[in-house]
Amino acid sequence: MSPEFSLFTGDPIGALANRYLQIPCACMTPNNKRLVALSNMIDRFQPDVVIDFVLQACHAYNVESYKVGQHVSEKHGLPFLKIESDYSDGDTGQLTTRIQALFESV
Amino acid sequence: MKNAGIDIGSRTIELVILESGKILNKYQTNTGYDPVRAASELLDGHHYDCIMATGYGREVFQLAYKSKTVTEIKAYARGVKALFPYAQTILDIGGQDSKAISLLNNGKIKKFEMNDRCAAGTGKFLEVMANALGFGIDQFGDEALKATKELKINSMCTVFAESEVTSLIAKGQNRYEIARGLHASVVRRAVSMLKRISVSGEIVFAGGVAKNACIHYLLSDALNQEIKVPDDPQFVGAIGAALLAGD
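Sequences listed follow chains G and C, in order.
Numbered according to the numbering used here, the first sequence spans residues 28 to 133.
Numbered according to the numbering used here, the second sequence spans residues 1129 to 1375.
Treat the hints with care, as some may be off.
What the hints assert, rightly or not - Under the rule of at most 35 Å between Cα atoms (straight-line distance), these lysine-lysine pairs were calculated in the DSBU-like manner:
| no. | chain 1 | residue 1 | chain 2 | residue 2 |
| --- | --- | --- | --- | --- |
| 1 | C | K1238 | G | K60 |
| 2 | C | K1274 | G | K109 |
| 3 | C | K1252 | G | K94 |
| 4 | G | K109 | C | K1238 |
| 5 | C | K1356 | G | K109 |
| 6 | G | K109 | C | K1280 |
I should point out that these hints are in silico values taken from the structure, not numbers from a laboratory.
On a predicted model such as this, the values are computed, not experimentally measured, just so you know.
Let's have the full structure, built from the sequences with the hints guiding it.
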């Protein structure tokens, strides 16, 4: 990742823009940084499973989830689950079943 | 040693009692508005050593009965593997959800897909549509098979599809052809879910909707292969839960 601080650039707006362009968001292309960042998190936290939570209507994350799933299962050999939901709790029953089934498969 | 499995679904509850791995009894009832009461009435007078609950009502049942629980996904995987040892892909369409599961050779779950909160393309969808067209749910599939062509239904949502059906009826369209179109829309949705887990090997279709002959026929046709359906497809989850209770 880039340095979090840029000092004395003489161009603070440009520095902000540069920083924003380096976030591993699915709206960037190519977005290999997201996979690198994910691998770093997996190495650091050693999880049993990886869940990709896609906020409803974020189509870029939704599409990228396929690539993320492949990366998680092929490179790290971990069970992967993609969930698409919003901030409401109308689907907690279905989400519980899915997440429990993911842990049962560990 | 008697092990029981109870599958508390959105529409029905199934109870299976196994003795040394063989089915001793099986019972079914409607879930209604009080799943624990319906389940306790079903269990009344039956003896078992260990019980495992599955289905959407498993957690509320667990509170009342201190039973073990398992997700429908694992229960179906276990039940199907016992009935069809070579199964690699499972499609389960129940009252208000649908699942596609792919299995590893040892019976463990490789990958699964499940519908979101929306009950489109499930038993509930077919029930509402059968009602709108004046067919009984038990004959709906057989009646739809009588049509020589299908009318395309574009809406997936139960509410929108019902309006679409009403407009087709108002245009004087044949209700058998509408019924066939509705079945085809359920199958399209199921096939796209199966493709996401990538279909391989022997496919087993279970859950209450597997009793529908038209869905079974259109599914085999779309996937171009034979689809196995157990004798009592709605009991597979309860059988799996009972087997897991003993494992």
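Open item on the list: Hint compliance check: list the failing hint numbers for this structure, sorted ascending.
Closed with: 2
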